[in-house]
Amino acid sequence: MELVCPAGNYQSLVKAVDNGADAVYIGLKNETNARHFAGLNFSEKQISKAIDYAHQQNCKVYCAINTYPRQKQWSRWTDSVDQAMGLGIDTLIVADIGVMDYIRSRSSEFPIHLSVQASATNLQSLNFYHRNFGIRRAVLPRVLSLKQVAKLAKTAPVEIEVFGFGSLCIMAEGRCYLSSYMTGESPNTKGVCSPAAFVDWQDKGEILESRLNGLLIDRFAQNEHAGYPTLCKGRFDVDGKIEHALEEPTSLNTMDILPDLYQAGVAAIKIEGRQRSPAYVAKVANAWRKAIDKAITTGVPATKSEIAELACLAEGKQTTIGAYERSWQ
Amino acid sequence: MSEVGNREMTIKQPSMKISVASVPYFWSKEAYFKFYQHIAKSPVDIVYLGETVCSKRRTMTFQDWLEIAKQLTDAGKQVVLSTLTLLEAESELSYLSKIASQKDYLIEANDMAAIEVASQQNNAFVAGCAINIYNNQSLQRLKKLGMTRWQVPVELGKDDLASMADYAKSHDIEVEYQIFGRMPLAYSARCFTARHHRLAKDNCQFKCLDDEQGILIKTQEGESFAQINGVQTQSAKVSHLIDHCQSLANSGVDVVRVVPVSAADTLEVIRQLSTILNQTEPAKFDPERLNNQYEFCNGYWLQIEGMKYVS
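Top to bottom, those sequences are chains W and A. According to the numbering used here, the first sequence is numbered sequentially starting from 42. According to the numbering used here, the second sequence is numbered sequentially starting from 16.
A couple of the hints might just be wrong.
[To be verified] Straight-line distance between alpha carbons at most 30 Å, and here's what the computed DSSO-like set of lysine-lysine pairs gives:
no., chain 1, residue 1, chain 2, residue 2
1, A, Lys-71, W, Lys-231
2, W, Lys-113, A, Lys-32
3, W, Lys-345, A, Lys-216
4, W, Lys-282, A, Lys-71
5, W, Lys-282, A, Lys-158
6, W, Lys-113, A, Lys-158
7, A, Lys-216, W, Lys-192
8, A, Lys-216, W, Lys-282
9, A, Lys-32, W, Lys-282
10, A, Lys-323, W, Lys-245
11, W, Lys-113, A, Lys-323
[Unchecked claim] In silico contact screen, one side only, chain A against chain W (beta carbon under 8 Å); selected entries:
no., residue
12, Glu-131
13, Asp-217
14, Thr-234
[Said to hold, decoys possible] These stretches of chain A come out as covered by chain W in the derived footprint (C-beta under 8 Å, 3 or more residues):
no., region
15, 98-104
16, 173-179
17, 196-202
18, 235-246
Because the hints were derived from the structure by calculation, they are not lab data. Glycine is no exception: its CB is placed at the ideal position from the N, C-alpha and C atoms.
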């Protein structure tokens, strides 16, 4: 089972490689990838350097070109594909069928991993991408139960990669337009969700308010941890009740079910977080390397304290195994 | 472009067809039958039928839908059978296969799984708005597989269409754009309606039946945010482009799509829309004639935040 780690810059990539990643995924410095944040991602020169470093240590480098190109900007995506393939990237992570079609017009064999942003949650959908574009692997959206993941890993015509740790997207990825509804910018079109440029913190003395494009996402008392105003994780008014109507500010951690995922034949575990620091990447990669090795050799999950240690690194300081567990749904 | 500028520029009358999307909410069997009896007599051209949100909603059997499909076909409507958007369980895939393999009606594909089944059976399909088609290369690929109509993803607007409509036309792909109704903005494994009622999804007690058009989520300051509808999250505001018909037609839209709100208001919207499309003098939509009050938005069409409304 492969450990796939995030890198938002060269330092993070080095940390991921040094701490046992089998593959590192990166993006270019433009909106062709789903972490299009200021100061993040790789220039052409940095990619070459990154590939050299990773390959020396037998680690692969994947490049995410996984947003949806609007027609007017189409050439930016094809240029990015050309660039990544030309630099010697091992695999492209792609969501848009137009982009996949373009890659296949260049090469019938270049490895394509289906991005989580393509929202493939079932066998027939995977068949579609396999038959039409010869994808090698698919990253599953964070909407399936463990039983459903296990079934897919057995029956799918492609390798299955699942999210193991990091921010928890509660919607089927690639099918959530809430961010552009509120700000005009979405994961699909701009590679961003609840973008920072639209965030406003207002200190009202006893209360701290977080806003996104003017809309109140949450109010925090002084003793509360004030999380980033990701729009689906705020507290809202539903029939007069103030509640986390969609989700609490919690992160995903599946370390507890890692042996089950391995037994099910899941090919790779993905760690979310290209926006996080090199130190974070180092710690998380290290912990997951150990956990995967332990699951493979002994079939036993990490200890409670190892899992709790990771939770401290998580956004919102609390974690869940999310949709893998039916009761979460 | 101002409305005045629009009128001066165009001489031709919009000849767009009207479609009514599948009811996104969970209604009783009686309510669906009654609604579609009225739709059969309404000036709608195309009717999408079936459950697109949650497979646990089973007031209607496949046979029930076919019965309505028959009545609507007899009334001269084009019927399209819709399919589920978020498919996980095997039972959901087998129901999907039943719809996507049949040969009597066109299919609305809301997931690549439906396109896979339909194309393997050489069946034509409409690509629903949850199929992410953002560029001509994607249009071309799906045309090869049997797509005859393209529902524009909700977050694309008139500038996006300007660079794609000609391509669609020249490849015999009809362009459909939502003109009225709440927009589908997200799907989750989690049922937000059950969560609101403090129930597990597996024991949801079919609470969706209680709300004819979902549940409003507001910010703590009372501004509208979203509408929860089972595993689907919709826009709280209702998209309303009825006063932009000319602009839609000029942009290459062939079919304008009404997404049902309450049954009575949906029928009233269709009546007014049809009148506006068929008359020679420009007329305005009158929201006062609806039973419920709706907050409107049209930002996506204007290439800005979807929730905004520019009059």
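Status of each hint after checking the structure:
1. A:Lys-71 with W:Lys-231: Violated, because 34 Å separates the two Cα atoms, which is more than 30 Å.
2. W:Lys-113 with A:Lys-32: holds (27 Å)
3. W:Lys-345 with A:Lys-216: Distance ~28 Å between W:Lys-345 and A:Lys-216 Cα, so the pair holds.
4. W:Lys-282 with A:Lys-71: With a Cα-Cα distance of about 26 Å, the restraint between W:Lys-282 and A:Lys-71 holds, given a limit of 30 Å.
5. W:Lys-282 with A:Lys-158: violated (47 Å)
6. W:Lys-113 with A:Lys-158: Holds - the C-alpha atoms of A:Lys-158 and W:Lys-113 are around 20 Å apart, at most 30 Å.
7. A:Lys-216 with W:Lys-192: Since the Cα atoms of A:Lys-216 and W:Lys-192 sit roughly 21 Å apart, the hinted pair holds (cutoff 30 Å).
8. A:Lys-216 with W:Lys-282: Given that 30 Å is the threshold and the Cα spacing comes to 20 Å, the pair holds.
9. A:Lys-32 with W:Lys-282: violated (42 Å)
10. A:Lys-323 with W:Lys-245: holds (27 Å)
11. W:Lys-113 with A:Lys-323: Given pair W:Lys-113, A:Lys-323 holds - Cα atoms ~23 Å apart, limit 30 Å.
12. Glu-131: Cβ of A:Glu-131 sits 4 Å from chain W, so the hint holds.
13. Asp-217: This interface hint holds because 7 Å falls under the 8 Å limit.
14. Thr-234: holds (4 Å)
15. 98-104: Coverage by chain W holds for the region 98-104 of chain A (5 residues, Cβ < 8 Å).
16. 173-179: holds (count 4)
17. 196-202: Contact hint for the region 196-202 of chain A vs chain W: holds, 4 residues under 8 Å.
18. 235-246: holds (count 7)
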